[in-house]
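Chemist: Sequence:
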Amino acid sequence: MNRAKKIGCAVIAGVLALGLAACGQGQGAKGETLDFSSVEVSELRVDEAPRTSLRGLAASTDGKCLYGGYIKGEPRGVHKLDAETGEEIWYYQDKGYTQPGFCKGVAADDRGYVYVGVTIWEQLDEAQLAVVSDETGEEISLTPIRVSGKVGTNGVAVRKDGDRYLLYLITNYDVNRIYCYDVTDVNTPVPNEEFGAGGFIELSGLTGGSAEATCIAFAEDGSFYLTANLGGGNKGDTVLHVAADGKKVLGQAALGEAYGLTLHGTYVFVSTYLDGTSAVHVLERDGLKEIAQVGNLPDCTQYAGVAFANGRLYIADQTYQEGSRILVSNVIPEAGK
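Numbering-wise (the numbering used here), the sequence shown opens with residue 41 and increments by one.
Some hints here could point you the wrong way.
Mimicking BS3-like on lysine-lysine, the simulated pairs with C-alpha atoms at most 27 Å apart in a straight line are [what the hints assert, rightly or not]:
id: 1; residue 1: Lys190; residue 2: Lys287
id: 2; residue 1: Lys329; residue 2: Lys190
id: 3; residue 1: Lys288; residue 2: Lys200
id: 4; residue 1: Lys135; residue 2: Lys112
id: 5; residue 1: Lys190; residue 2: Lys200
id: 6; residue 1: Lys275; residue 2: Lys329
id: 7; residue 1: Lys200; residue 2: Lys112
id: 8; residue 1: Lys288; residue 2: Lys329
id: 9; residue 1: Lys287; residue 2: Lys329
id: 10; residue 1: Lys200; residue 2: Lys287
id: 11; residue 1: Lys288; residue 2: Lys275
id: 12; residue 1: Lys135; residue 2: Lys190
id: 13; residue 1: Lys190; residue 2: Lys104
id: 14; residue 1: Lys112; residue 2: Lys288
Everything labelled a hint here was simulated from the structure, so no lab data went into it.
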(Lines of atoms letter the chains of each structure in order from A and count residues from 1; the text may use other names and numbers.)
(Lines give C-alpha, C1' and ligand atoms only; values in the text may rest on other atoms or scores of the structure.)
Protein backbone atom coordinates (compact mmCIF):
# COMPACT_ATOMS: atom_id res chain seq x y z
CA MET A 1 0.00 0.00 0.00
CA ASN A 2 1.46 3.35 -1.06
CA ARG A 3 -0.09 6.54 0.27
CA ALA A 4 0.98 10.12 -0.36
CA LYS A 5 1.45 12.27 2.73
CA LYS A 6 3.58 15.41 2.77
CA ILE A 7 4.48 17.48 5.79
CA GLY A 8 7.03 20.29 6.08
CA CYS A 9 10.18 19.82 8.15
CA ALA A 10 11.97 21.88 10.79
CA VAL A 11 15.11 23.57 9.53
CA ILE A 12 18.11 25.13 11.23
CA ALA A 13 20.23 26.17 8.23
CA GLY A 14 21.89 25.11 4.97
CA VAL A 15 25.60 24.42 4.44
CA LEU A 16 28.11 23.95 1.63
CA ALA A 17 28.52 20.31 0.56
CA LEU A 18 31.64 19.06 -1.22
CA GLY A 19 33.18 15.67 -1.92
CA LEU A 20 31.90 12.19 -2.65
CA ALA A 21 30.80 9.47 -0.26
CA ALA A 22 32.38 6.10 -1.02
CA CYS A 23 30.38 3.58 0.96
CA GLY A 24 27.80 2.38 -1.56
CA GLN A 25 25.15 4.31 0.33
CA GLY A 26 24.21 7.93 -0.36
CA GLN A 27 26.64 8.74 -3.16
CA GLY A 28 27.26 12.49 -2.97
CA ALA A 29 27.81 15.11 -5.66
CA LYS A 30 30.51 17.75 -5.58
CA GLY A 31 30.04 21.48 -5.19
CA GLU A 32 26.49 21.47 -3.85
CA THR A 33 24.93 23.99 -1.50
CA LEU A 34 21.70 22.32 -0.40
CA ASP A 35 18.62 24.16 0.82
CA PHE A 36 16.80 22.23 3.55
CA SER A 37 14.01 24.77 4.02
CA SER A 38 11.67 23.07 1.54
CA VAL A 39 12.27 19.43 2.45
CA GLU A 40 9.12 17.32 2.72
CA VAL A 41 8.71 13.57 3.14
CA SER A 42 6.00 11.23 1.91
CA GLU A 43 5.27 7.52 2.08
CA LEU A 44 6.99 5.46 -0.59
CA ARG A 45 5.93 2.10 0.80
CA VAL A 46 3.82 0.94 3.74
CA ASP A 47 4.09 -2.67 4.96
CA GLU A 48 1.18 -3.79 7.07
CA ALA A 49 1.63 -6.43 9.77
CA PRO A 50 2.84 -9.17 9.92
CA ARG A 51 5.91 -7.79 8.12
CA THR A 52 7.34 -5.53 10.80
CA SER A 53 10.52 -3.85 11.98
CA LEU A 54 12.30 -2.47 8.94
CA ARG A 55 15.74 -1.94 10.45
CA GLY A 56 18.48 -1.64 7.80
CA LEU A 57 18.14 0.47 4.63
CA ALA A 58 20.57 1.03 1.75
CA ALA A 59 20.49 2.23 -1.85
CA SER A 60 22.08 0.77 -4.95
CA THR A 61 24.98 2.76 -6.35
CA ASP A 62 22.88 3.82 -9.37
CA GLY A 63 20.02 4.91 -7.11
CA LYS A 64 17.45 2.71 -8.83
CA CYS A 65 16.86 0.31 -5.95
CA LEU A 66 16.61 0.13 -2.18
CA TYR A 67 17.41 -2.77 0.11
CA GLY A 68 15.43 -3.08 3.34
CA GLY A 69 16.27 -5.41 6.21
CA TYR A 70 13.05 -6.61 7.89
CA ILE A 71 13.80 -8.35 11.19
CA LYS A 72 10.31 -9.52 12.23
CA GLY A 73 7.27 -11.02 10.54
CA GLU A 74 7.31 -13.12 7.41
CA PRO A 75 9.06 -13.19 5.15
CA ARG A 76 11.70 -11.37 7.17
CA GLY A 77 15.04 -10.80 5.50
CA VAL A 78 16.37 -8.34 2.91
CA HIS A 79 13.89 -7.09 0.34
CA LYS A 80 15.05 -5.36 -2.85
CA LEU A 81 12.65 -2.57 -3.81
CA ASP A 82 12.21 -0.17 -6.71
CA ALA A 83 13.33 3.25 -5.44
CA GLU A 84 10.67 5.09 -7.47
CA THR A 85 7.62 2.92 -6.79
CA GLY A 86 8.50 0.94 -3.68
CA GLU A 87 7.54 -2.29 -5.45
CA GLU A 88 9.34 -5.46 -4.40
CA ILE A 89 11.80 -7.06 -6.83
CA TRP A 90 13.10 -9.99 -4.74
CA TYR A 91 13.78 -10.95 -1.17
CA TYR A 92 16.60 -12.84 0.50
CA GLN A 93 16.19 -14.89 3.66
CA ASP A 94 19.05 -16.75 5.29
CA LYS A 95 18.50 -20.46 5.82
CA GLY A 96 19.63 -20.49 9.44
CA TYR A 97 20.31 -23.53 11.59
CA THR A 98 16.92 -24.05 13.22
CA GLN A 99 15.13 -21.16 11.49
CA PRO A 100 16.05 -17.98 9.62
CA GLY A 101 17.82 -15.26 11.55
CA PHE A 102 17.69 -11.47 11.42
CA CYS A 103 19.16 -9.40 8.57
CA LYS A 104 19.85 -6.04 10.20
CA GLY A 105 22.64 -4.58 8.08
CA VAL A 106 22.75 -4.31 4.28
CA ALA A 107 24.98 -2.60 1.69
CA ALA A 108 25.57 -2.85 -2.07
CA ASP A 109 28.60 -2.30 -4.30
CA ASP A 110 28.96 -1.27 -7.95
CA ARG A 111 29.69 -4.81 -9.18
CA GLY A 112 26.25 -6.31 -8.62
CA TYR A 113 26.61 -7.70 -5.10
CA VAL A 114 24.62 -7.10 -1.94
CA TYR A 115 26.12 -7.70 1.52
CA VAL A 116 24.02 -8.74 4.48
CA GLY A 117 24.90 -8.95 8.15
CA VAL A 118 23.00 -11.91 9.59
CA THR A 119 22.23 -12.37 13.27
CA ILE A 120 21.49 -16.08 13.56
CA TRP A 121 18.32 -17.13 15.38
CA GLU A 122 20.26 -18.54 18.36
CA GLN A 123 22.32 -15.33 18.74
CA LEU A 124 25.13 -17.37 20.26
CA ASP A 125 28.78 -17.90 19.32
CA GLU A 126 28.33 -16.95 15.66
CA ALA A 127 27.24 -14.16 13.34
CA GLN A 128 27.32 -14.34 9.54
CA LEU A 129 28.18 -12.33 6.45
CA ALA A 130 26.10 -13.21 3.39
CA VAL A 131 26.91 -12.10 -0.16
CA VAL A 132 23.87 -12.05 -2.44
CA SER A 133 23.43 -11.51 -6.18
CA ASP A 134 21.89 -8.11 -6.85
CA GLU A 135 20.27 -9.51 -9.98
CA THR A 136 18.54 -12.56 -8.52
CA GLY A 137 18.71 -12.34 -4.72
CA GLU A 138 20.44 -15.73 -4.62
CA GLU A 139 23.08 -16.33 -1.97
CA ILE A 140 26.62 -16.49 -3.36
CA SER A 141 28.54 -17.12 -0.16
CA LEU A 142 27.98 -17.26 3.59
CA THR A 143 30.88 -16.57 5.95
CA PRO A 144 30.58 -17.46 9.64
CA ILE A 145 32.08 -15.08 12.21
CA ARG A 146 32.73 -17.28 15.22
CA VAL A 147 33.13 -15.78 18.68
CA SER A 148 32.32 -16.75 22.26
CA GLY A 149 29.10 -15.44 23.76
CA LYS A 150 25.92 -13.74 22.65
CA VAL A 151 26.47 -11.94 19.35
CA GLY A 152 24.47 -10.15 16.68
CA THR A 153 25.09 -7.90 13.70
CA ASN A 154 24.26 -4.26 13.15
CA GLY A 155 25.35 -2.09 10.23
CA VAL A 156 27.49 -3.02 7.24
CA ALA A 157 29.25 -0.90 4.62
CA VAL A 158 31.38 -1.66 1.57
CA ARG A 159 34.01 0.51 -0.09
CA LYS A 160 36.49 0.25 -2.92
CA ASP A 161 40.14 0.55 -1.92
CA GLY A 162 42.29 0.54 -5.06
CA ASP A 163 41.68 -2.83 -6.67
CA ARG A 164 40.12 -4.27 -3.52
CA TYR A 165 36.61 -4.21 -2.15
CA LEU A 166 36.44 -4.06 1.64
CA LEU A 167 33.36 -4.94 3.68
CA TYR A 168 32.89 -3.67 7.24
CA LEU A 169 30.46 -5.34 9.64
CA ILE A 170 29.47 -4.30 13.16
CA THR A 171 28.78 -6.93 15.84
CA ASN A 172 27.07 -6.27 19.15
CA TYR A 173 25.68 -7.73 22.40
CA ASP A 174 28.63 -9.42 24.16
CA VAL A 175 31.00 -8.87 21.22
CA ASN A 176 31.18 -5.20 20.27
CA ARG A 177 33.51 -5.05 17.31
CA ILE A 178 33.94 -3.80 13.76
CA TYR A 179 35.11 -6.52 11.38
CA CYS A 180 36.73 -5.88 8.00
CA TYR A 181 36.67 -8.46 5.19
CA ASP A 182 38.30 -8.38 1.78
CA VAL A 183 35.38 -9.28 -0.51
CA THR A 184 37.17 -8.76 -3.81
CA ASP A 185 36.43 -12.45 -4.42
CA VAL A 186 32.85 -12.67 -3.18
CA ASN A 187 33.01 -16.46 -3.16
CA THR A 188 35.64 -16.47 -0.43
CA PRO A 189 35.66 -13.33 1.75
CA VAL A 190 38.75 -13.22 3.96
CA PRO A 191 39.63 -11.07 6.99
CA ASN A 192 41.55 -7.94 6.11
CA GLU A 193 44.38 -8.37 8.58
CA GLU A 194 45.60 -4.83 7.98
CA PHE A 195 42.59 -3.60 9.96
CA GLY A 196 42.94 -3.77 13.74
CA ALA A 197 43.99 -7.08 15.28
CA GLY A 198 43.72 -9.65 12.54
CA GLY A 199 40.73 -8.05 10.83
CA PHE A 200 38.70 -6.42 13.59
CA ILE A 201 38.78 -3.70 16.23
CA GLU A 202 37.22 -3.69 19.68
CA LEU A 203 34.85 -0.75 20.19
CA SER A 204 35.98 -0.40 23.81
CA GLY A 205 39.56 0.07 22.67
CA LEU A 206 38.50 2.80 20.28
CA THR A 207 36.26 4.72 22.68
CA GLY A 208 38.04 3.99 25.95
CA GLY A 209 35.02 2.41 27.57
CA SER A 210 31.88 0.36 27.05
CA ALA A 211 30.43 1.00 23.60
CA GLU A 212 28.09 -0.52 21.04
CA ALA A 213 27.98 0.69 17.42
CA THR A 214 24.95 0.62 15.17
CA CYS A 215 25.57 1.97 11.65
CA ILE A 216 28.65 2.81 9.60
CA ALA A 217 29.39 4.89 6.48
CA PHE A 218 32.64 5.78 4.71
CA ALA A 219 34.22 8.95 3.39
CA GLU A 220 36.42 8.91 0.30
CA ASP A 221 39.62 9.05 2.38
CA GLY A 222 38.76 5.77 4.15
CA SER A 223 37.76 7.39 7.42
CA PHE A 224 34.35 6.37 8.65
CA TYR A 225 31.38 7.54 10.67
CA LEU A 226 29.53 5.52 13.30
CA THR A 227 26.39 5.86 15.34
CA ALA A 228 27.11 4.43 18.77
CA ASN A 229 25.81 3.98 22.28
CA LEU A 230 28.40 4.94 24.88
CA GLY A 231 26.03 4.28 27.75
CA GLY A 232 23.70 7.27 27.64
CA GLY A 233 20.89 5.94 25.46
CA ASN A 234 18.75 2.98 24.51
CA LYS A 235 19.79 2.64 20.86
CA GLY A 236 22.45 5.34 20.68
CA ASP A 237 23.77 8.59 22.05
CA THR A 238 26.78 9.55 19.90
CA VAL A 239 28.05 10.08 16.36
CA LEU A 240 31.75 9.28 15.86
CA HIS A 241 34.21 10.09 13.08
CA VAL A 242 37.01 7.50 13.07
CA ALA A 243 40.37 7.31 11.27
CA ALA A 244 40.67 4.80 8.43
CA ASP A 245 42.78 2.40 10.49
CA GLY A 246 40.16 2.33 13.25
CA LYS A 247 42.65 3.48 15.88
CA LYS A 248 41.64 7.08 16.56
CA VAL A 249 38.44 9.06 17.04
CA LEU A 250 38.69 12.19 14.87
CA GLY A 251 35.42 13.76 15.95
CA GLN A 252 32.48 13.14 18.25
CA ALA A 253 29.03 14.63 18.78
CA ALA A 254 26.27 13.79 21.24
CA LEU A 255 22.89 12.95 19.69
CA GLY A 256 20.14 11.25 21.67
CA GLU A 257 19.06 7.88 20.25
CA ALA A 258 21.22 8.27 17.13
CA TYR A 259 20.63 5.26 14.89
CA GLY A 260 20.74 5.26 11.06
CA LEU A 261 23.60 6.90 9.18
CA THR A 262 24.49 7.82 5.62
CA LEU A 263 26.68 10.38 3.82
CA HIS A 264 26.12 12.80 0.96
CA GLY A 265 28.83 15.24 0.01
CA THR A 266 30.02 16.77 3.28
CA TYR A 267 26.76 15.99 5.02
CA VAL A 268 26.19 13.25 7.57
CA PHE A 269 22.52 12.24 7.83
CA VAL A 270 21.65 10.60 11.15
CA SER A 271 18.22 9.26 12.10
CA THR A 272 16.95 9.18 15.68
CA TYR A 273 14.99 6.34 17.26
CA LEU A 274 12.68 8.58 19.27
CA ASP A 275 9.03 7.58 18.76
CA GLY A 276 6.96 10.60 17.68
CA THR A 277 9.91 12.98 17.78
CA SER A 278 12.09 10.87 15.46
CA ALA A 279 13.84 12.93 12.78
CA VAL A 280 16.87 12.96 10.53
CA HIS A 281 19.62 15.28 11.76
CA VAL A 282 21.94 16.80 9.18
CA LEU A 283 25.51 17.28 10.41
CA GLU A 284 28.60 18.72 8.80
CA ARG A 285 31.17 16.03 8.15
CA ASP A 286 33.95 18.28 9.44
CA GLY A 287 33.26 18.92 13.10
CA LEU A 288 29.87 17.15 13.22
CA LYS A 289 28.00 20.39 13.79
CA GLU A 290 24.23 20.01 13.36
CA ILE A 291 22.80 22.32 10.70
CA ALA A 292 19.27 20.96 10.09
CA GLN A 293 16.57 18.55 11.20
CA VAL A 294 14.22 17.09 8.61
CA GLY A 295 11.72 14.29 8.12
CA ASN A 296 9.61 14.24 11.27
CA LEU A 297 5.97 13.21 10.83
CA PRO A 298 3.38 13.45 13.63
CA ASP A 299 2.55 9.74 13.35
CA CYS A 300 6.12 8.42 13.07
CA THR A 301 7.41 5.62 15.30
CA GLN A 302 11.17 4.94 15.34
CA TYR A 303 13.45 5.99 12.51
CA ALA A 304 16.08 3.33 11.79
CA GLY A 305 18.07 3.01 8.55
CA VAL A 306 18.56 5.96 6.19
CA ALA A 307 19.85 6.18 2.62
CA PHE A 308 20.50 8.98 0.13
CA ALA A 309 20.06 8.55 -3.63
CA ASN A 310 18.69 10.52 -6.59
CA GLY A 311 18.93 13.70 -4.56
CA ARG A 312 16.41 12.26 -2.09
CA LEU A 313 16.56 11.02 1.48
CA TYR A 314 14.98 7.64 2.28
CA ILE A 315 14.00 6.75 5.86
CA ALA A 316 12.96 3.45 7.47
CA ASP A 317 10.11 4.08 9.94
CA GLN A 318 10.63 0.82 11.74
CA THR A 319 7.35 -0.09 13.47
CA TYR A 320 4.75 2.17 11.85
CA GLN A 321 1.21 1.01 12.74
CA GLU A 322 2.54 -2.41 13.83
CA GLY A 323 4.05 -2.81 10.39
CA SER A 324 6.66 -0.49 8.88
CA ARG A 325 7.10 2.03 6.10
CA ILE A 326 9.70 3.77 3.96
CA LEU A 327 9.56 7.55 3.71
CA VAL A 328 11.11 9.53 0.85
CA SER A 329 11.87 13.22 0.57
CA ASN A 330 11.44 15.46 -2.42
CA VAL A 331 14.61 16.15 -4.35
CA ILE A 332 16.56 18.39 -1.97
CA PRO A 333 17.32 21.49 -4.03
CA GLU A 334 20.53 23.39 -4.31
CA ALA A 335 20.41 26.79 -2.64
CA GLY A 336 19.13 29.53 -4.88
CA LYS A 337 17.31 27.17 -7.25
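Chemist: Would you mind marking each hint as holding or not holding in the structure?
Modeler: Taking the hints in turn, this is what the structure says about them:
| no. | hint | in the structure |
| --- | --- | --- |
| 1 | Lys190 to Lys287 | 25 Å, holds |
| 2 | Lys329 to Lys190 | 35 Å, violated |
| 3 | Lys288 to Lys200 | 21 Å, holds |
| 4 | Lys135 to Lys112 | 15 Å, holds |
| 5 | Lys190 to Lys200 | 31 Å, violated |
| 6 | Lys275 to Lys329 | 21 Å, holds |
| 7 | Lys200 to Lys112 | 32 Å, violated |
| 8 | Lys288 to Lys329 | 19 Å, holds |
| 9 | Lys287 to Lys329 | 22 Å, holds |
| 10 | Lys200 to Lys287 | 20 Å, holds |
| 11 | Lys288 to Lys275 | 23 Å, holds |
| 12 | Lys135 to Lys190 | 20 Å, holds |
| 13 | Lys190 to Lys104 | 37 Å, violated |
| 14 | Lys112 to Lys288 | 36 Å, violated |
Checked against the numbered hints given earlier, the structure breaks hints 2, 5, 7, 13, 14 and satisfies all the rest.
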